[in-house]
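Engineer: Sequence:
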Amino acid sequence: MTNDTEFKAWRVQEQDGEYTGSEQTLHVSDLPENDVLIRVSHSSLNYKDALSASGNKGVTRKFPHTPGIDAAGEVVEASAGPFSAGDKVLVTGYDLGMNTDGGFGEYIRVPADWCVAMPRGWDARTAMIYGTAGLTAGLCVKKLLTMGAEPEQGKVAVSGASGAVGSVAVELLANLGFEVVAISGKQDQADALRNLGAAEILGRDALAAEKKPMLKPAFANAVDTVGGGPLAELLKQIHPGGSVSCCGLVAGSQLETTVLPFILRGNNLLGVDSVEIPLAEKQAVWDKFAGEWACKKTEASARDIGRGELDDALNAFLKGESSGKIVLDHSR
1 MTNDTEFKAW
11 RVQEQDGEYT
21 GSEQTLHVSD
31 LPENDVLIRV
41 SHSSLNYKDA
51 LSASGNKGVT
61 RKFPHTPGID
71 AAGEVVEASA
81 GPFSAGDKVL
91 VTGYDLGMNT
101 DGGFGEYIRV
111 PADWCVAMPR
121 GWDARTAMIY
131 GTAGLTAGLC
141 VKKLLTMGAE
151 PEQGKVAVSG
161 ASGAVGSVAV
171 ELLANLGFEV
181 VAISGKQDQA
191 DALRNLGAAE
201 ILGRDALAAE
211 KKPMLKPAFA
221 NAVDTVGGGP
231 LAELLKQIHP
241 GGSVSCCGLV
251 AGSQLETTVL
261 PFILRGNNLL
271 GVDSVEIPLA
281 EKQAVWDKFA
291 GEWACKKTEA
301 SARDIGRGEL
311 DDALNAFLKG
321 ESSGKIVLDH
331 SR
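If you read the sequence shown in full-length UniProt numbering, its first letter stands for residue 1, the second for the next number, and so on.
Take the hints with a grain of salt, since some may be wrong.
What the hints assert, rightly or not - Taking lysine to any residue and the SDA-like style, the derived pairs with C-alpha atoms no more than 25 Å apart in a straight line are: (1) Lys8 / Pro64; (2) Lys186 / Ala199; (3) Lys88 / Arg332; (4) Lys288 / Gly197; (5) Lys297 / Arg204; (6) Lys142 / Glu200; (7) Lys57 / Ala316; (8) Lys142 / Gly241; (9) Lys62 / Glu276; (10) Lys57 / Arg332; (11) Lys288 / Lys57; (12) Lys8 / Leu51; (13) Lys216 / Gln153; (14) Lys288 / Gly86; (15) Lys142 / Gly197; (16) Lys88 / Glu33; (17) Lys211 / Leu260; (18) Lys155 / Gly177; (19) Lys88 / Leu26; (20) Lys216 / Gly241; (21) Lys288 / Glu33; (22) Lys88 / Asn3; (23) Lys211 / Ala199; (24) Lys8 / Ser29; (25) Lys216 / Gly266; (26) Lys57 / Tyr19; (27) Lys319 / Arg204; (28) Lys216 / Leu269; (29) Lys88 / Arg109; (30) Lys142 / Ala218.
None of these hints come from the bench; they were simulated from the model.
Make a model of the complete structure from these sequences and hints.
Structural biologist: Listed below in structure tokens is the structure:
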């Protein structure tokens, strides 16, 4: 391996305020100076990747840039940290794919403390079926369980249930014995959500704006992946003492609500970050998914694409038309 080694990457260029992505040939020397060089075999598609590819400066400040906030593959070189050539690793979060070239390229170079050892029994594709979305879903469920959520308490809602995070949350909660109410604006995904274990499917109108500051309790707990107005409405419908794990903002970053759910029902709004948390927390969730939390239906339904299909797939995220898990396979 030399700095002249060529590789392929799907790279976003900016010209006259327009952002376009295409496959390009780069050299290892184009990558940033960091501890660990990784040959990436698979990545995972996320809403944040779509934002980066569209030129969202809140995600990516400088272009040209290679998106891909997830990556899995094999260590080629390591100048620091516990890994050595040949080790299988995965990288999610931190600055990967944001301002550090990410998993949509066949090579990345990252700090050693961004890397997690591949869980036993997993390969790179399996890791990227879960990716940041699966990690986030696992962290959401973990927080609910930490707050004492139990199946006997009643229904658990998942908003944005057909999305990459929501679909994993639906299957995981169902596997843990919860009665899951999947809330989704994509009615054509109803059968898929039932297959994942959802006991009930509700449309987007279940979280339509209501003037009343409180509504009749409908859910013991919830996972919210969309934010904005739907989260405000969800908070109005949680049983006393219940919790909502919050991890997304596709419906907006503003939260207009009252203190009433918190001071009249003792509800909890739990923020979930999957980006900057310690490696040990990430490793613990990955190991759960590789064991007792395995979501076999999600694994079976994931679809693979090549770099040439990234543009359409990312645009589908921005249009709210994406569903399920999508894996980028660099060998396709």
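Engineer: Hints first: check each against the structure and report whether it holds.
Structural biologist: Results of checking the hints against the structure:
For a cut-off of 25 Å, the pair hint linking Lys8 to Pro64 stands: about 14 Å separates their Cα positions. Restraint check for Lys186 and Ala199: satisfied, since their Cα atoms lie roughly 16 Å apart, inside the 25 Å limit. Between the alpha carbons of Lys88 and Arg332 the distance comes to roughly 20 Å, so the proposed pair stays at or under 25 Å and holds. In summary, the hint linking Lys288 to Gly197 is supported, as the alpha carbons are separated by about 19 Å, within the 25 Å threshold.
Between Lys297 and Arg204 the alpha-carbon distance is near 24 Å, which keeps this suggested pair within the 25 Å criterion. The hinted pair formed by Lys142 and Glu200 meets the criterion: a straight-line CA distance of about 22 Å does not exceed 25 Å. Taking the CA atoms of Lys57 and Ala316, the gap is near 20 Å; set against the 25 Å cutoff, the hint holds. The hinted pair formed by Lys142 and Gly241 meets the criterion: a straight-line CA distance of about 17 Å does not exceed 25 Å.
For a cut-off of 25 Å, the pair hint linking Lys62 to Glu276 stands: about 21 Å separates their Cα positions. Our distance criterion of 25 Å between C-alpha atoms is broken by Lys57 and Arg332, whose separation comes to about 30 Å. Our distance criterion of 25 Å between C-alpha atoms is broken by Lys288 and Lys57, whose separation comes to about 34 Å. For a cut-off of 25 Å, the pair hint linking Lys8 to Leu51 stands: about 21 Å separates their Cα positions.
Between Lys216 and Gln153 the alpha-carbon distance is near 16 Å, which keeps this suggested pair within the 25 Å criterion. Straight-line distance between C-alpha atoms of Lys288 and Gly86 comes to about 24 Å, which keeps the hinted pair within the 25 Å bound. The hinted pair formed by Lys142 and Gly197 meets the criterion: a straight-line CA distance of about 18 Å does not exceed 25 Å. Among the hinted pairs, Lys88 with Glu33 is consistent with the structure: their alpha-carbon atoms are about 20 Å apart, no more than 25 Å.
A hinted pair counts as satisfied when its Cα atoms are at most 25 Å apart, and Lys211 with Leu260 qualifies at roughly 14 Å. Among the hinted pairs, Lys155 with Gly177 is consistent with the structure: their alpha-carbon atoms are about 11 Å apart, no more than 25 Å. For the hint linking Lys88 to Leu26, the alpha-carbon distance of about 23 Å falls within 25 Å, and the restraint holds. With a C-alpha separation of about 14 Å, the suggested pair Lys216 and Gly241 falls inside the 25 Å cut-off, and the hint holds.
In summary, the hint linking Lys288 to Glu33 is not supported, as the alpha carbons are separated by about 33 Å, beyond the 25 Å threshold. For the hint pairing Lys88 with Asn3, the CA-to-CA distance comes to about 22 Å; that is within 25 Å, so the pair holds. Distance restraint check for Lys211 and Ala199: the Cα-Cα separation of roughly 29 Å exceeds the 25 Å cut-off, and the hinted pair is therefore not satisfied. Using a Cα cut-off of 25 Å, the hinted pair Lys8 and Ser29 holds, with the two alpha carbons roughly 13 Å apart.
A C-alpha spacing of about 15 Å is found between Lys216 and Gly266, which places the hinted pair at or below 25 Å, so the restraint holds. About 12 Å separates the Cα atoms of Lys57 and Tyr19, which keeps this hinted pair within 25 Å; it holds. Simply put, Lys319 and Arg204 have alpha-carbon atoms about 16 Å apart, close enough for the 25 Å limit, and the pair holds. Between Lys216 and Leu269 the alpha-carbon distance is near 18 Å, which keeps this suggested pair within the 25 Å criterion.
Proximity of Lys88 to Arg109 is assessed by CA-CA distance (about 14 Å); at most 25 Å being required, the pair is judged to hold. For the proposed pair Lys142 and Ala218, the alpha carbon gap of about 21 Å is at most 25 Å, so the pair holds.
Violated hints, listed in ascending order, are 10, 11, 21 and 23; each of the other numbered hints is respected by the structure.
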